[in-house]
Amino acid sequence: MILKKFSQLPALEIEPGTDCSFISHNPKGEPLLTVVYATKRDFLSVPKTYTAVQFRGDNTIPLEFHSVSRQDYLEQLELADSWFKSGAYEIEKTKDYTIVLLLTNDRALEIIFTGFELLEDSYHCADSQTALIQHISG
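Under the numbering used here, the residue at position 87 of the sequence shown is numbered 87, and the numbers go up by one with no gaps.
Just to be clear, a hint being listed does not mean it is correct.
Cut-off 27 angstroms, straight-line C-alpha distance, at most; resulting in silico cross-link-like pairs (BS3-like, lysine-lysine) [to be verified]:
id	residue 1	residue 2
1	Lys93	Lys4
2	Lys48	Lys95
3	Lys85	Lys5
4	Lys40	Lys93
5	Lys28	Lys95
6	Lys40	Lys4
7	Lys5	Lys93
8	Lys5	Lys40
9	Lys4	Lys95
10	Lys28	Lys85
11	Lys40	Lys85
12	Lys5	Lys95
13	Lys93	Lys48
14	Lys48	Lys85
What follows is a list of derived Cβ distance ranges for each label pair [what the hints assert, rightly or not]:
id	residue 1	residue 2	range
15	Ser67	Glu117	28 to 34 angstroms
16	Thr60	Pro10	34 to 40 angstroms
17	Pro27	Leu3	15 to 21 angstroms
18	Gly29	Asp96	30 to 36 angstroms
Calculated from the structure, these hints are not laboratory results.
Even glycine gets a Cβ: it sits at the ideal position worked out from N, Cα and C.
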């Protein structure tokens, strides 16, 4: 299996301790997956930035996601952990749906979706969970 970068999303931070949080919710009758992750910074003096992305499915292809440890995911695919940096990888893309893998330092989040929307970035949050709560409550 060859994984190529999914360039439609901002790059994930690769520094140790980088985290990613997500919640599956149904605010207006449409199943959504909101994912928040630390975005790669060009300079350490730039405030820590968290990108929020909302994924959705449709009537024919429902939203689906799986979250497991990075090590377990790569072992299952018989891929070496050292081959992949943290990032967003495209596993499959058709005219109807896309499968993307968000790979952090410790987690693999595989998402099958038909569309997504980049939400407003969050700055100066303590972690991705705080940024996620800020997005869903505000």
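Hints, one by one, checked against the model:
no., hint, in the structure
1, Lys93 <-> Lys4, "holds, 11 angstroms"
2, Lys48 <-> Lys95, "violated, 35 angstroms"
3, Lys85 <-> Lys5, "holds, 10 angstroms"
4, Lys40 <-> Lys93, "holds, 24 angstroms"
5, Lys28 <-> Lys95, "holds, 26 angstroms"
6, Lys40 <-> Lys4, "holds, 18 angstroms"
7, Lys5 <-> Lys93, "holds, 12 angstroms"
8, Lys5 <-> Lys40, "holds, 14 angstroms"
9, Lys4 <-> Lys95, "holds, 18 angstroms"
10, Lys28 <-> Lys85, "violated, 36 angstroms"
11, Lys40 <-> Lys85, "holds, 12 angstroms"
12, Lys5 <-> Lys95, "holds, 18 angstroms"
13, Lys93 <-> Lys48, "violated, 31 angstroms"
14, Lys48 <-> Lys85, "holds, 19 angstroms"
15, Ser67 <-> Glu117: 28 to 34 angstroms, "violated, 20 angstroms"
16, Thr60 <-> Pro10: 34 to 40 angstroms, "violated, 29 angstroms"
17, Pro27 <-> Leu3: 15 to 21 angstroms, "violated, 32 angstroms"
18, Gly29 <-> Asp96: 30 to 36 angstroms, "violated, 21 angstroms"
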